[in-house]
Structures are given as C-alpha cells and as structure tokens.
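Line by line, the protein sequences give chains E and U. Sequential numbering of the first sequence, starting at 1, is according to my numbering. Sequential numbering of the second sequence, starting at 1, is according to my numbering.
Simulated from the structure, these hints should not be mistaken for lab results. Worth double-checking, as some hints may not be accurate.
[As the list claims (entries may be wrong)] Simulated DEER-style distance windows between Cβ atoms:
(1) U:616 to E:33: 40 to 50 Å
(2) E:291 to U:544: 28 to 38 Å
(3) U:565 to E:370: 57 to 67 Å
(4) U:288 to E:161: 49 to 59 Å
(5) U:215 to E:206: 34 to 44 Å
(6) U:215 to E:186: 22 to 32 Å
(7) E:323 to U:451: 52 to 62 Å
[What the hints assert, rightly or not] Under the rule of at most 20 Å between Cα atoms (straight-line distance), these lysine to any residue pairs were calculated in the SDA-like manner:
(8) E:366 to E:322
(9) E:405 to U:547
(10) E:405 to U:512
(11) E:405 to U:426
[Stated by the list, open to error] Partner residues are not named here, just some residues of chain U that face chain E (Cβ under 10 Å, in silico):
(12) 81
(13) 84
(14) 92
(15) 263
(16) 265
(17) 431
(18) 433
(19) 539
(20) 549
(21) 581
Glycine included, every Cβ here is placed at the ideal spot set by N, Cα and C.
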Amino acid sequence: MNENICAISTALGVGAISIVRSSGPDVIKIVKKIFQGEDLESVNTHTLNYGFIVDKDEKIDEVLVSVMRAPNTFTREDVVEINCHGGITTTNRVLELLLMNGCRLAEPGEFSKKAFLNGRIDLIEAEGINDLILSESEEARKYAINRVEGNLSKLIIDQRDILLGLSAELEVNFDFPEEMDNPEVTHNNLHSELTKIKDNLNDLLKHSKEGQIIKNGIDVAIVGKPNVGKSSILNHLLDQNKAIVTDIAGTTRDIVEGSITLNGIKINLIDTAGIRDTEDIVEKIGVDKSKEILSQADLAIYVLNNNEDIDDDESAFLKSLNTVQKIVFINKDDLDSKIDTKKLETSNIVYGNTITHNGLNSLKEKIIEMFNLNEIKSKNYNFLSNAREIALVRTALESIENALKSVEDEMPLEMISVDIKKAYDDLGEIIGATYKDELLDELFSKFCLGK
Amino acid sequence: MKYDIIVVGGGHAGCEAAAAASKQGFKTALITSNKKNIADMPCNPSIGGTAKGIVVREIDALGGLMGIIADKSHLQIKMLNSGKGPAVKSLRAQGDKITYPQNMVAALESIETLDILEEMVEDLIVEDATIKGVICDSGKTYLCDALILTTGTYLKSKILVGSTHKEEGPHGETSSKHLSDKLKELGFEIQRLKTGTPQRIDPTTVDYSKLTEELGDAHPWTFSFDIEPQYDVTKQRKCYLVYTNELTHQIIRDNLTKSAMYGGYAEGIGPRYCPSIEDKVVRFADKERHQLFLEPESDFYPDLYLQGFSTSMPIDVQEKMVHSLVGLENAKILKYAYAIEYDAINPLQLTPSLETKVIKNLFTAGQINGTSGYEEAAGQGLIAGINAGLKLKGKEPLILKRNESYIGVLIDDLVTKGTKEPYRLLTSRAEYRLILRHDNADLRLRRYGYDCGVVSEEQYLHLLNKEQKIEELTRELKDITINNSNVSQNILSSLEIANLSSGISAYNLLKRPQIKMDNLTEYLSNEYSREVLEVVEISIKYEGYIAKTIREVEKMLKLESKKIPKDIDYDKILNLASEARQKLKTVRPETVAQATRISGVNPTDISILTVYLKKEYSKDSNNE
C-alpha cells in the first residue's frame with residue numbers, strides 16, 4: 001500500500017497533452033528530483049507548477065506539474081501529475097525517469113484500487129465507501145467515453161445508427177404485419193447494409209492494431225543459433241540509437257535488452273535463448289521460455305549464417321514461427337551462400353554483415369515497411385485504445401458475421417434481428433451506452449492505461 | 001356482506017381476476033355496474049394480434065379464460081407473421097361481440113364460489129392503509145380482505161365527438177364519478193388518458209367490388225392448449241381492405257380545428273401506435289394513403305367496424321370523411337367514431353404483484369393501470385387475481401420474469417417505467433422474445449398456474465403428456481440416422497448438396513435451413529401432435545439462436561437475484577445522480593435488474609447502488 005506508483009494516464013496518441021500520474025508517500029520527493037522549477041516539496045497543495053522535466057542536464061519536456069497532498073486526493077495519498085507536451089516518446093521518457101527514481105509502474109486499475117482500499121479505511125470513520133466509488137466510477141465512465149471521443153466514437157455511433165435503423169425496420173414488420181404500406185425488409189437489403197458495417201468494423205480493428213503499436217511499441221525477438229551474430233545485431237541497433245531504457249526491473253521484461261525508436265515508434269528488442277531441441281533440463285527451460293516469448297512477440301528476426309545450410313531443427317523451428325511475422329537476417333553476406341531460401345518460409349529476407357554493418361539499415365527499413373510505420377505517423381489516431389474495446393468490436397463483428405450468415409441461409413428475419421441487436425449492444429458498451437454487471441470490475445481494470 | 005376477494009369491474013381484466021380468485025377457493029364477488037357489459041368489446045372486435053396473441057396463449061397456459069372463450073366465439077382467425085420467424089408468430093381472431101360475452105358469463109356463472117353483483121362502486125373502505133371493502137351508490141357496503149380494481153375506462157370517463165362531450169362510458173353507460181377522487185385522496189397519482197374508436201358501417205351500403213378481401217387461414221387454429229378447433233374453416237367471415245385517399249386527407253386538414261383533439265377540447269394522452277386518423281394525416285403528411293380494415297363485429301347484428309379510422313371529428317365531417325373512401329361512397333354510418341378520456345393511476349405506484357404500494361391488499365389491473373387492449377387487461381387481471389389469493393394465503397406472489405412471459409414484460413414495464421400513453425404490448429418490447437413463443441407458452445407457465453390452484457388437474461396432465469412427447473420425439477430424432485440408402489426423395493430435393501454417405505442424424509439434419517420437420521415425419525415410429533412437432537422443430541432448428549438468448553437471460557437473472565431490501569433509504573446513498581435518486585425512490589425496484597431498466601438510472605448509478613448494497617450487506621453480516 002505504501003509503494004509509489006506511476007503510469008501514463010491518458011490515451012497515447014489521442015490528445016496533445018499526456019499526463020503521467022504518480023501516487024504514493026514519496027512521489028513529491030521523487031518528482032522533485034527530475035523537476036527544474038519551484039521546490040515541489042514546499043509548494044502549496046493542489047497547485048499547478050510550471051517547469052521542465054530534466055534528466056541530469058538534459059531538458060526532456062516543458063511541463064505543468066500538479067501537486068496534491070493527502071488526504072484530499074483521488075487515492076487519499078500524495079499525488080503528482082505531470083502534464084507533458086512533447087508527444088509519445090517524450091512522455092515515455094518522463095515515465096521512465098520516474099521509474100528510475102523510485103516509482104513502480106502501476107498495474108492496470110491500481111490507482112482506482114488504492115482509492116478503493118483507502119476509502120474502505122475511511123468508511124469506518126464515517127464517510128461512505130460509495131463516495132469514492134462515485135467519483136471513481138463517474139470519472140472512469142467519462143474517461144472511457146472521452147478516450148474514444150471524436151472520430152472513433154462517431155464511427156461507432158454511426159454503425160449503431162445503421163443497426164438501429166435496420167432493427168426498427170424489422171420490428172415494424174414484426175409488430176405491424178397487417179399494415180402493408182410499411183417498407184418490407186428484404187434479405188438483399190440487409191446483406192448490403194450489414195456488409196458495410198462489417199467492412200467499417202474491420203477497418204477499425206486494422207487501425208487499432210496500429211494503435212496498439214503506437215501505445216506499446218513493437219516487440220522484436222532476435223533468434224538464432226549461438227554465434228550467428230545475434231548479439232552484434234542487437235548491440236549495433238542499440239548503439240546507433242542510444243537505447244532509451246535498459247534493464248529497469250519490473251518495468252519491462254527482464255530479457256528486453258533495450259529499446260530503440262524507429263519513426264517515433266518504440267521497438268523493444270528481446271534476446272532469446274537457443275532454440276535447439278535438447279535433453280538438458282536447464283536448457284530446455286530456456287528453450288520453452290524462448291518459445292513463449294516468440295509467441296507473444298510482434299516480430300521475430302531469425303539470424304542465419306550465409307555459409308551454413310539450415311538443419312532439421314532449424315527448419316522445424318522456422319515452421320513453428322509461422323504464427324508470428326518474421327524477417328530472416330542472413331549474416332556473412334560476403335561468403336558463398338549455402339542456404340536454400342525456399343526452406344525459410346518467408347520472403348522477408350535481408351542480407352547483411354555484422355562486421356561491416358552492412359544490411360542493418362535495410363533491416364530497419366524492412367521493419368518500417370512491414371509495420372507501415374511511415375503511414376502510422378501521418379494518420380489520424382482513430383483507433384481503439386485497449387483490449388476491452390477491441391474485444392467488444394470483435395464480438396460485434398462476430399454478431400454481424402452471424403447475421404450475414406443467417407441472411408445468406410435465408411433464415412427468418414427474426415433470427416437476423418437477434419444478431420443485429422447483439423451487435424448494437426456490444427458497440428453500445430464501448431461508448432458506455434449499455435449496462436453490464438461486470439462494469440464495476442471492469443471499471444477498476446480499465447481505469448489506468450499505464451500498461 | 002363479506003367476501004374474501006372483491007373484483008370491481010366486469011371487463012376483460014375483471015373476468016380473469018374474478019375467475020382466478022374464485023378458482024383458488026376464495027369466496028369472490030364480481031361487482032359490475034351492468035351485467036350486460038361483462039366481457040364487452042367496446043372497441044376493436046379482434047382478440048390477439050402480434051404479441052397479444054401470445055398473451056392469450058399465456059393466459060390459457062396459466063388457467064385463464066380468454067383463450068377458451070375466444071376459441072368458442074370467433075368469426076375469423078389467422079396466424080400473423082408465419083414466415084418471419086417462430087417467435088413473432090401470433091394468432092389474431094375476429095371475435096364475435098355477442099357470443100364472446102355470453103360464453104364468458106356462462107363460464108363465470110359456472111364457478112360456485114363466485115357471485116356476480118350489479119352495483120356502482122363509488123367509495124372504498126380503508127383502515128390502517130389496508131383495504132376493507134367498498135361502498136356502492138345504492139348505499140350498500142361489501143366488506144373484503146382483498147380488492148381488485150379493474151374499472152377500465154369508467155373512471156370519470158368523457159366521450160368526445162368534435163366540440164361536444166358527454167360524461168359517460170362506452171355505450172352511454174354511467175361513469176364512476178367519485179372513485180378516482182377517492183383514489184387521489186388515498187395518495188394515488190391520477191393521470192388522464194385517451195383512446196378512440198372508429199365508425200360502425202351498415203354492411204348493405206358497402207360496394208364490396210371495390211374492396212380487397214382478407215380471409216381467415218385455411219388451417220384451423222386454437223388459442224387454447226386444451227381444446228380442438230370447433231369451427232368450420234370454410235365458414236369464416238371476411239374482412240376487407242379500404243384505403244384513404246387525397247380527398248379524405250383534404251377533408252381532414254380542412255376541418256382539423258373541429259376535431260376534439262386538435263381543437264383543444266381534449267386533455268388526455270392518446271396512444272402513438274393507434275393514432276386517430278387526423279393524427280396520421282398530420283404526422284405523416286407525405287403518405288398518400290392510409291390503410292383501413294372493414295371488419296364484422298358479430299353474426300348477430302350487422303355493424304362493420306372501420307378499423308384505423310378512429311377520430312374525434314364532429315359527425316358532419318365524419319360523414320364526408322367516410323364517403324370519400326373508395327367503396328364507401330354511399331355507406332351508412334350506424335355509429336359515429338368517438339374519443340374517450342378516462343382517469344388511470346400511475347403504475348409506478350404498483351408492486352410487480354400488482355398490489356398497490358399505497359393501500360395494502362388493494363390490487364389493480366387493466367386500463368386503470370394505463371394499458372390498452374383486451375389481452376393486456378386480461379393478463380393483468382389474471383395475475384392480480386392469482387396474487388390477491390396468494391396474499392390471503394400468506395404466500396409469495398407470482399411474479400413472472402421478462403424471460404418467462406409477455407405478461408411479465410408488460411407488468412415489469414408498467415411498474416418500472418410507468419407509462420405516459422395507453423400501453424400496448426409489442427414483440428419488440430420483449431428482449432428475450434425468441435423464448436417467449438406462441439408454441440411454448442404452456443411449457444413456460446402452466447406449472448405456475450397449477451401451483452397456484454388455477455390450472456385444473458386435467459390441464460396439468462395435458463402439459464405432462466406434451467412434455468413427455470417432446471422428450472420422446474427429440475430422442476427419436478437423435479436416434480434416426482439418414483444416409484444414402486434410406487434418404488427420401490423429399491429430403492433429397494430439399495437439400496442443395498446432398499452427400500449423406502457418412503450418415504447424419506435426423507436431429508442434425510433438421511438444423512439445415514432447407515429441411516423442415518415435415519420432411520422427417522415419415523421416419524418417425526410414433527405419432528405426434530402438430531403442437532409437439534412444432535415446438536421440437538423450433539427448438540432444434542433455432543438451437544443456436546435460442547442458446548444466445550439464454551446467455552443474455554442468464555446475465556439478467558444474475559442481476560435479478562440481487563435483491564434490494566424493501567427498507568432501503570436512497571437518500572443515504574451519496575452521489576446518486578438526482579434524477580436517478582428520484583426515480584429509484586418512486587419505483588422502489590425490488591432487484592438490481594429492475595433498477596437497471598428504469599429510464600434515467602444510468603450505469604454509474606447502478607454501480608453506486610451495487611457497491612452500497614455490498615457495503616450494507618457485509619455490515620449486516622458482521623452484526624449477525
């Protein structure tokens with residue numbers, strides 16, 4: 001309970017300002033260490049203070065820092081919020097500075113949880129717990145709505161309007177069948193309207209993948225047999241780009257060797273253990289761990305030597321990588337090739353040389369190309385910003401697909417209306433229009449967008 | 001004179017209430033101002049229709065009378081929406097306005113514990129906020145332990161035709177002038193509602209050659225689960241389609257200020273789904289025509305009912321309007337259309353058992369609760385009758401849930417959302433309608449009726465038998481394997497791709513959109529009734545959709561199981577939005593699920609309420 005926690009509490013990529021919030025007994029002292037401006041420990045409570053976030057002598061961002069002392073704060077602890085202006089990368093750096101100076105990254109919903117738990121203690125003294133929950137849920141609700149404000153919520157509302165229109169036409173036909181002047185709903189008409197919605201939702205999901213990338217970066221695992229040049233690639237990428245974070249326990253995965261930015265997008269480089277089939281128990285654990293990491297990575301870079309053909313182990317392993325996007329980096333491009341590229345199961349092949357540093361820029365460009373990073377930068381950030389929203393759009397999409405299937409099977413209109421209503425409700429939940437029992441649980445976990 | 005239960009009003013709600021109360025063994029009186037008007041159909045001659053037809057089935061399942069009486073007394077019957085899906089299907093009958101009341105009275109008179117009294121009730125006897133009896137304008141007093149008010153449109157009713165009005169009920173009956181004041185005095189909120197009825201036309205003056213005929217179904221139907229069709233399908237009466245035209249609309253527009261509604265002579269709020277013709281013309285100005293029906297009212301008198309043409313225009317304008325219709329150029333109007341205004345209570349003052357929150361042991365049902373329609377009235381009457389009985393027995397009330405019946409949807413809507421206009425059921429009001437079907441009403445409800453003593457032993461056995469047959473048929477379909485060697489020609493011709501080499505069970509085959517139960521009956525070794533075949537076909541064919549609905553139901557039931565204590569003080573819950581607090585205080589929902597359905601109570605308020613309940617609950621358990 002006494003830990004200092006921090007997180008980025010605004011949606012990444014949405015607003016011009018992002019807020020890094022921290023809460024705990026020492027947060028004022030911690031922020032003071034990285035703040036150039038008033039002495040935060042002596043300012044009044046609930047004040048906004050102008051200054052700079054600095055890393056030693058380097059000015060990271062021009063900020064406004066609000067200092068709120070316990071107990072009249074959201075969490076009932078000291079709370080400091082840093083309003084950053086410098087975009088995603090800068091905000092990430094501010095967060096990382098806090099982490100390096102004694103804060104721990106908040107778990108999803110942890111601010112809310114603190115508020116809740118601290119509130120319970122208050123309860124005994126007389127104040128209602130619901131007091132807290134009110135401010136909290138009300139805020140969470142607005143938050144949820146605000147977060148999807150603008151284009152996104154308009155998009156969702158538009159789809160819902162179409163669905164509502166379809167429902168209304170169907171219902172009129174069901175409830176007033178004898179009034180034959182009403183427009184008859186046909187399977188054809190339903191099919192074209194539903195297909196439009198399906199396409200729109202699919203687009204939205206596609207963009208959301210990009211949203212996730214903006215928010216969390218791309219996890220890139222570098223794999224290959226020992227001594228094929230993995231480390232050289234890793235070090236070279238890191239060196240050139242001055243890693244912005246290294247080995248902060250608890251903030252990222254232990255095996256993250258470091259991160260670089262490509263076109264403003266964070267690339268998390270992950271090293272993995274060997275990939276051989278082995279009887280050695282310790283080594284086997286390492287291999288299993290690698291496989292797990294690989295299954296969660298966005299991209300695998302598989303490193304090979306040009307002068308060695310692929311053995312059966314590797315071949316099998318490359319096959320198993322089919323679920324992940326991958327690039328094969330063929331090192332030692334100066335040597336004669338013994339590789340049968342057909343066995344690589346991909347056309348994303350980059351030749352290079354870790355000694356001459358040849359091909360490393362091509363590797364970066366390949367990543368930019370594969371993840372469309374040039375385009376992401378210039379796009380309106382019209383995406384769903386968390387897993388819950390994405391899941392709801394997926395569910396809605398599934399209902400739309402079911403409805404389409406029913407239309408194709410010429411099922412009775414009534415059956416089609418079931419899926420249309422379901423999709424309407426699912427989309428409604430994203431913009432807070434439908435009540436579900438799980439809301440309270442969800443409210444706690446969605447409140448913080450830190451990770 | 002003392003009764004266990006008294007029912008005031010002999011309309012459709014009153015009849016069901018009286019029958020349900022007396023069948024439970026209670027000494028019951030039905031008090032009506034005129035015995036001739038028992039089970040009267042003062043407006044539309046139809047019984048059933050979308051959603052309403054299913055209500056009639058539910059009434060029958062629960063041991064009510066409407067279904068059986070309608071089956072004995074109709075002129076035409078058909079199944080609506082038969083092609084649009086199993087749950088939106090429902091029966092609509094053209095009732096005979098003479099034989100329906102006659103058959104109902106006969107049924108009521110056969111109940112030994114029921115007395116029918118002819119009196120005008122003008123006052124209530126209330127002690128300690130508990131009902132004790134009624135006082136009639138004859139000066140007589142009748143005492144009771146529970147009272148059910150089913151006064152329909154008779155509270156301060158006012159008939160409006162153009163700028164003229166008369167303070168009377170339908171058919172020129174005396175209206176009850178003091179009862180609604182008494183209710184107000186006791187603490188009820190009274191609202192003014194309005195409904196209307198169209199002209200009756202002399203059938204010998206209609207040019208049928210210009211009209212389109214509407215026939216009954218060739219297939220015989222019954223509302224009741226327990227009786228066989230008792231009519232000759234070839235001898236059904238016809239209805240006719242009539243259309244308004246530009247001339248009709250012009251006459252209406254020219255005379256709009258003469259109508260009681262538009263001239264400002266009426267104050268009540270009318271229903272949106274059943275607007276007067278002047279409303280239709282004004283609100284849907286771009287529509288070139290409106291559809292009307294000409295329907296027989298009875299075999300025993302000539303009048304044809306001009307459905308869809310209800311109006312409060314003065315009679316000279318009505319003449320012009322009717323004569324502008326193609327086919328009715330020379331029609332003689334036997335009765336003019338009129339609007340009727342009446343007092344109703346605010347249904348938010350009712351509990352889901354239909355007992356009022358204001359006076360103990362006082363129940364209300366039907367139009368007095370703000371509904372419209374014979375079926376809605378009958379459904380409530382039945383529940384009020386059952387619950388008055390259960391109350392006197394000291395048992396928990398029968399509260400049908402939204403996933404169990406249309407009657408449950410109706411009552412929940414009324415007591416949770418209230419109503420500003422006469423409330424009519426629609427299939428779209430039922431979010432779980434896929435399981436609230438015509439075919440399964442008995443499976444859903446008959447046990448409840450039996451447990452309350454309203455469903456007879458014989459009716460109950462009928463249910464058990466049907467359930468057994470359903471089980472047998474389902475098993476049979478699972479056991480039958482259809483493959484290339486035994487596949488019938490009619491299955492082959494129905495299937496687009498017919499590769500049955502590996503064999504498929506009849507059960508799974510039935511899930512294919514092209515295959516109907518009819519294609520499979522030749523494989524069955526036992527005989528099954530049409531009703532059994534239908535219910536099994538639907539539950540197999542739409543299994544996936546039904547499962548989806550059931551998942552939604554389960555979510556709702558979870559909230560339904562979270563009871564809100566009756567003594568909850570909403571003022572103690574901090575931070576509720578003020579609108580939500582106000583609504584919660586008015587409605588006093590019994591469960592969290594009910595609270596979620598109150599308009600103006602948003603998800604945040606529900607979270608606050610849930611947390612408050614949790615807190616209070618854990619406090620209580622600490623104290624124990």
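Here's how the hints hold up against the structure:
1. U:616 to E:33: 40 to 50 Å: 45 Å, holds
2. E:291 to U:544: 28 to 38 Å: 36 Å, holds
3. U:565 to E:370: 57 to 67 Å: 59 Å, holds
4. U:288 to E:161: 49 to 59 Å: With Cβ atoms ~28 Å apart, the hint is violated.
5. U:215 to E:206: 34 to 44 Å: 54 Å, violated
6. U:215 to E:186: 22 to 32 Å: 25 Å, holds
7. E:323 to U:451: 52 to 62 Å: Since residue 323 (chain E) and residue 451 (chain U) have Cβ atoms about 57 Å apart, the given range 52 to 62 Å holds.
8. E:366 to E:322: Holds, at roughly 18 Å.
9. E:405 to U:547: 17 Å, holds
10. E:405 to U:512: Distance of about 13 Å is within 20 Å: holds.
11. E:405 to U:426: Violated. Residue 405 (chain E) to residue 426 (chain U) sits at ~27 Å, over the 20 Å cutoff.
12. 81: Given a least distance of 5 Å, the restraint on residue 81 (chain U) holds.
13. 84: With a closest approach of 5 Å, the residue 84 (chain U) hint holds.
14. 92: Constraint on residue 92 (chain U) satisfied, holds at 8 Å.
15. 263: 28 Å, violated
16. 265: 29 Å, violated
17. 431: Holds: closest Cβ of chain E sits about 8 Å from residue 431 (chain U), inside 10 Å.
18. 433: This interface hint holds because 8 Å falls under the 10 Å limit.
19. 539: 14 Å, violated
20. 549: Hint holds; residue 549 (chain U) Cβ to chain E Cβ min 7 Å, cut 10 Å.
21. 581: 12 Å, violated
Of the numbered hints stated above, those contradicted by the structure are hints 4, 5, 11, 15, 16, 19, 21, listed in ascending order.
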